[in-house]
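Undergrad: Take a look at the letters that make up each chain.
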Amino acid sequence: MLFLRELTPAEDTALVPATPRPRRHFTIGEAIALFTLGGLIVLAIVGPLIAWYSPIVPSGVPFLPPGSSGHLLGTDNLGFDIGTRVVFGLRISLFAAVTVTVISAIAGMILGTIAAFVGGWLDSVLMRVTDLFLAFPATIVAMAIAASLGASLSSSMIGIAVVWWPMYARLTRGEVRRVINSPHVEAARMSGTRGVRLLVKHVLPSVVPTVLVTASLDVGAVVLTLASLSFIGLGTPAPAPELGLMASAGMQYILSAWWIAVVPGVAIALVALAFNYVGDGLRTVLRAKGF
Amino acid sequence: MVRFAIDRTVSAVVVLFVLLLLIFTVSRAGGADPVRGYLGANASAEAVAAARERLGLDQPLFVQFGQYLTGLTQGDLGLSLSTRRPVSEELAQRIPATAELALWAIVFALILAVVFAGAYSLRGKVAAVIRFVLFSAASAPAFLLATAGVLLLFAQLGWLPASGRTSYGPSDGMTGLYVLDGILAGNPAYAWDAFQHVLLPALAAAIGPGVAIARVLADGISGSLKSGYAQTARSLGESESTIVRRHALRNASSPALTLLGVQIGMMLSSLVVVEQIFSWNGLGQYLTSAISAADLNAVAAISLVLGGLYILINTLVDIVLAIVDPRVRLT
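As you go down the protein sequences, you meet chains E and H in turn.
4 is the number of the first residue of the first sequence in the numbering used here; add one for each residue after it.
20 is the number of the first residue of the second sequence in the numbering used here; add one for each residue after it.
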């Protein structure tokens, strides 16, 4: 039985958009995206250390528009400084997204490696389960799980991790099976290396980087999903500085003070856009270099 | 072919069943207590125990699952613990609203995909700017696009309404899809008004999938144009536009359709968010209010309906593809 049908070779190549010319360097746009991403990450790490307002204590007159003196990105309906809250929000989002991605990638790598290395019925069972999870509508299932665990940031993280690992299990299994037939593994096997030692010393070193690169580029998508969940109330309750929550709480003032909802929304979009651009560039460059 | 269709259908049923099992288990075994949500935080321990027994929540989990399944076959999805009405009634009221929004969003996504694919295959500076704008829009969360739409087309220009499904009363037509109802009732003003209401929310959900499909479509077409059969067609004297229409587009559309199936899943989850912004009284809004009330029967039912819809659409896409493209059947 097939829970997901295999893609035809034509679909397989077509579903990874190719750039017209293979190139070995980032375009200017991708380089800008890389710097933006780096800047956002640095801001998320050091921002809270140098912030002069508290994200959860009013620090000015409510409804100050962006560009007001002392409040570069304005204040919200309660007089919180939006810039400060966005920096704290970025920190929470990025930290949560990285955690979810790392946990899912590790779980996927372990299952995928076992499936490929042991093979046989275990492989079939593990891959059936993986396919089953891949056939689910990811965000909807994440929402259902997070809601059932009681709305909080950690519930959302668990919900997303549950639907996120199968991609890495699939990817890892494919990679392990590819590498295991390569000449250097063959040579190691000839010289008597077997079992776990063969796996750890000769197979995994070429598999793990591929999976990690893929996973690191998915952090942007996880940030987006977390924000959507937080937007519909599946996050830490107010006044926590969560970007999705800030955007949804700002919606009721959208006609009088648009920036309350738009600034956190733009912050999320910027993170996602930077990740997508860097990801596109990295994939193209790596392909040109023969990965 | 028939075998492939049967295979796909059977596995769709299995996937749906496992989804049901998963959602049921987490909704009953998760941390949120439905009875507290039902009776309020101040209810006495005896009242909670009594309600637990009355709702069957004191039974073992697998017995509860059996009861849930039996109920499901009779169209009974339990009691909505926040509104105290059967979940199935609440759903029936809201499904047409979400169906209308989703259908328009799919239509718009397909139209945008073809238009954007054209933009993607252009060369030059302007085209690069267009590509950048499209890619940025596709990376943005749906709620930001919705917000931008509200600010520009409602607040600034006043062209489109930004809340609800119609300026008139609810439609009493039979489909529950207001635009269609308006047309069927011979009331173009009503249909036009409903269409204006659906335009912004549907576009906000359609842009992301539209761009994703456009990229695949554009890549597929440019790939096909370099292929052997395109060369042959060229040497037979066919014009470039005929080659695109008759050969390239067909070959490029099967990955695009596959992607559409996947993208609809993402679209359904953006609809949940978009409904919230446009006060669209559909499943998404119901889900949001059910979440804040810890109404797990409703949460489970809504995720099942949306999840079932996603599985159904993907199965249909696969079967249609297998009819159109014989390569799909072989794998």
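No lab work stands behind these hints: they were computed from the structure.
Bear in mind the structure is a predicted one, so any value in this text is a computation, not a measurement.
Just so you know, even glycine gets a beta-carbon here, dropped at the ideal spot from N, CA and C.
There could be a bad hint or two in this list.
Chain H regions said to be covered by chain E (calculated; three or more residues, Cβ under 8 angstroms) [stated by the list, open to error]:
| id | region |
| --- | --- |
| 1 | 35-42 |
| 2 | 91-99 |
| 3 | 206-213 |
| 4 | 276-288 |
| 5 | 291-302 |
| 6 | 325-332 |
Quick list of simulated restraints, FRET-style, between CB atoms [said to hold, decoys possible]:
| id | chain 1 | residue 1 | chain 2 | residue 2 | range |
| --- | --- | --- | --- | --- | --- |
| 7 | E | 106 | H | 241 | 36 to 46 angstroms |
| 8 | E | 153 | H | 64 | 45 to 55 angstroms |
| 9 | H | 21 | E | 200 | 41 to 51 angstroms |
| 10 | H | 215 | E | 255 | 54 to 64 angstroms |
Undergrad: Against each hint, give a clear statement of whether it holds in the structure.
TA: Here is what the structure says about each hint:
| no. | hint | result |
| --- | --- | --- |
| 1 | 35-42 | holds (count 4) |
| 2 | 91-99 | violated (count 0) |
| 3 | 206-213 | violated (count 0) |
| 4 | 276-288 | holds (count 6) |
| 5 | 291-302 | holds (count 4) |
| 6 | 325-332 | holds (count 4) |
| 7 | E:106 with H:241: 36 to 46 angstroms | 39 angstroms, holds |
| 8 | E:153 with H:64: 45 to 55 angstroms | 20 angstroms, violated |
| 9 | H:21 with E:200: 41 to 51 angstroms | 50 angstroms, holds |
| 10 | H:215 with E:255: 54 to 64 angstroms | 23 angstroms, violated |
Comparing the model with each earlier hint shows violations of hints 2, 3, 8 and 10; every other hint is respected.
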